[in-house]
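Each chain, written out:
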Amino acid sequence: MTGTDPIEIIVAILLIIGALFTLVGGYGLVKLQNPMSRLHAPTKAGTLGVGSMLVASMIYAFHHADGSLNELLILVFLFATAPVSANFIAKVHIHRDRVGTPLPELEGEREWATKVKPEDDA
Amino acid sequence: MLMTYALYIAFGAVALTMVLSMIRLLRGPYLGDRVLSLDTISINAVSLIVLYGIAKETQMYFEASLLIAMLGFVSTVAFARFLLRRDVIE
Chain A
1 MTGTDPIEII VAILLIIGAL FTLVGGYGLV KLQNPMSRLH APTKAGTLGV GSMLVASMIY
61 AFHHADGSLN ELLILVFLFA TAPVSANFIA KVHIHRDRVG TPLPELEGER EWATKVKPED
121 DA
Chain B
1 MLMTYALYIA FGAVALTMVL SMIRLLRGPY LGDRVLSLDT ISINAVSLIV LYGIAKETQM
61 YFEASLLIAM LGFVSTVAFA RFLLRRDVIE
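Note that the protein sequences, when read in sequence, are chains A and B.
Sequential numbering of the first sequence, starting at 1, is according to the working numbering.
Sequential numbering of the second sequence, starting at 1, is according to the working numbering.
Just so you know, the hints here were simulated from the structure itself, not pulled from any lab data.
Among the clues, some could well be false.
Said to hold, decoys possible - Calculated pairs, EDC-like style, for lysine to aspartate or glutamate (alpha carbon to alpha carbon, straight line, at most 20 Å): (1) B/LYS56 / A/GLU105; (2) A/LYS115 / B/GLU57; (3) A/LYS91 / A/GLU105; (4) A/LYS91 / B/GLU90; (5) A/LYS91 / A/GLU111.
Could you put the whole structure together from the sequences, leaning on the hints where they help?
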């Protein structure tokens with residue numbers, strides 16, 4: 001085996017880390033029992049997996065050709081939007097009563113805003 | 001050499017994750033789970049395109065992965081919004 005480039009080793013390690021995180025996210029999505037737990041697995045692991053692969057792609061582009069920071073755009077976008085979409089899906093779970101444990105009681109006449117049906121607040 | 005094996009492992013892991021989320025998409029049991037599986041599939045498509053770009057040593061596929069990331073987010077929010085309010089834009 002000829003001498004391996006240290007940059008290639010770093011890129012390979014990042015790719016393996018990304019692959020492992022992605023796989024753990026997919027496994028958790030299938031294996032976990034509770035809807036809220038299933039929400040937790042792929043959103044965290046999947047985002048970190050993609051992030052690691054994007055960093056690997058950036059380093060490899062800089063090493064191999066005149067690289068650019070294009071992938072940083074995808075990275076920032078994914079990191080900014082993953083919590084938003086996870087929050088929306090969690091709200092869907094609450095709205096449709098799929099949480100598992102009952103929500104805490106509210107004082108007075110108030111109701112959980114997520115559970116208000118569209119026709120109620122006309 | 002090392003890069004090739006790492007790329008193969010990463011391709012296999014991402015493809016396997018897509019299959020696993022497809023299983024969750026078909027099995028359900030709740031609508032929120034199906035939306036979550038679609039979101040995971042779109043994120044995995046992004047990483048698949050990025051891996052293909054590394055394998056082909058080109059920056060050409062960057063726009064495609066950015067487009068898929070944006071459309072995946074917008075479609076997830078639209079699905080969730082529809083399930084919450086029965087209306088996407090009120």
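Verification of the supplied hints:
| no. | hint | verdict |
| --- | --- | --- |
| 1 | B/LYS56 / A/GLU105 | 56 Å, violated |
| 2 | A/LYS115 / B/GLU57 | 49 Å, violated |
| 3 | A/LYS91 / A/GLU105 | 17 Å, holds |
| 4 | A/LYS91 / B/GLU90 | 18 Å, holds |
| 5 | A/LYS91 / A/GLU111 | 14 Å, holds |
The structure is inconsistent with the numbered hints 1 and 2, although it conforms to all the rest.
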